[in-house]
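J.: Taking the hints into account, I'd like the entire structure generated from these sequences.
Quick note on this note's numbering: the sequence shown kicks off at 59 and runs consecutively.
Bear in mind the hints are in silico, worked out from the structure with no lab data behind them.
Positions of the beta carbon are idealized from the N, C-alpha and C atoms, including for glycine.
Be aware that a few hints might be false.
Unchecked claim - Label-pair restraints from in silico Cβ distances:
{"#": "1", "residue 1": "T131", "residue 2": "G246", "range": "20 to 28 Å"}
{"#": "2", "residue 1": "G183", "residue 2": "A84", "range": "35 to 43 Å"}
{"#": "3", "residue 1": "L194", "residue 2": "A115", "range": "21 to 29 Å"}
{"#": "4", "residue 1": "L194", "residue 2": "E117", "range": "18 to 26 Å"}
{"#": "5", "residue 1": "P73", "residue 2": "R241", "range": "31 to 39 Å"}
{"#": "6", "residue 1": "D130", "residue 2": "T227", "range": "32 to 40 Å"}
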Amino acid sequence: MRDGAAAWFGVRLEPLSAAHVPGLTAVTHDGELWRNRLTSVPEPDRVAGYVAAALAAQERGERVPFAVLDDDTGEVIGCTSYAEILPAVRRLEIGYTWYAGRAQRTHVNTSAKLLLLAHAFDVLGYRTVGWRTDNLNTTSQRAIERLGAQRDGVIRGQQLRRDGTVRDTVLYSLTGDEWPPCRDRLIGRLAEHSAGEPSSSGGDSGTRPGGARRVPESGN
Numbered sequence: 059m060r061d062g063a064a065a066w067f068g069v070r071l072e073p074l075s076a077a078h079v080p081g082l083t084a085v086t087h088d089g090e091l092w093r094n095r096l097t098s099v100p101e102p103d104r105v106a107g108y109v110a111a112a113l114a115a116q117e118r119g120e121r122v123p124f125a126v127l128d129d130d131t132g133e134v135i136g137c138t139s140y141a142e143i144l145p146a147v148r149r150l151e152i153g154y155t156w157y158a159g160r161a162q163r164t165h166v167n168t169s170a171k172l173l174l175l176a177h178a179f180d181v182l183g184y185r186t187v188g189w190r191t192d193n194l195n196t197t198s199q200r201a202i203e204r205l206g207a208q209r210d211g212v213i214r215g216q217q218l219r220r221d222g223t224v225r226d227t228v229l230y231s232l233t234g235d236e237w238p239p240c241r242d243r244l245i246g247r248l249a250e251h252s253a254g255e256p257s258s259s260g261g262d263s264g265t266r267p268g269g270a271r272r273v274p275e276s277g278n
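T.: Structure (structure tokens):
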């Protein structure tokens, strides 16, 4: 997936590039995401630098960033990444995730995470996928927990927020043994919520990109 796009349930992931800067700039305006002190969403005039930093981290082998698109319209609706990649122990994290306001609390996060988790476990053969989030960001914590991840603990005083306050960081993980039932549950949830909403390509949205539209959640 690093070298090509992947899509499922109406959401497409593409390797991040400078071509996504205009779309991501528009995303930051949808809900004025950069004003939330609990996130690392860049201000609109800093999106190009944010993307450049993500691509530089990719060159160093530290991160694999993706743009998240609506597969029906091709519109950029967010971004996400693999990060904290530890090949020796077959562990990585999913982070740097943010979505346009209109895409939050919809199917988008579940669909994108299914693509990322399936690739990490089923293609790359990783054993553990982790997440980390601000202890005050309860919306993100609920979204991660809805995916089936287990709360591992809290690192106190771990980093500064954008407003200069010190945050505690909540850690979550999902193991390869936990992945199969998690995958089936999430696919079932998306299929249930997509029932009765036609895909633009026709057919079953569980086997090709399609019409799931309302699964309440958002987050990392």
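J.: Compare the structure with each hint and give your call.
T.: Do the hints match the structure? See the list:
At about 26 Å, the beta-carbon gap between T131 and G246 stays in the expected band of 20 to 28 Å. Here the CB-CB span from G183 to A84 is close to 36 Å, well matched to the stated 35 to 43 Å. The given range of 21 to 29 Å is respected by L194 and A115, whose C-beta atoms sit roughly 26 Å from each other. For the hinted restraint 18 to 26 Å between L194 and E117, the CB-CB distance of approximately 33 Å leaves it violated.
A beta carbon spacing of about 23 Å between P73 and R241 contradicts the range 31 to 39 Å that was offered as a hint. Roughly 36 Å separates the CB atoms of D130 and T227, a value that falls within the hinted 32 to 40 Å.
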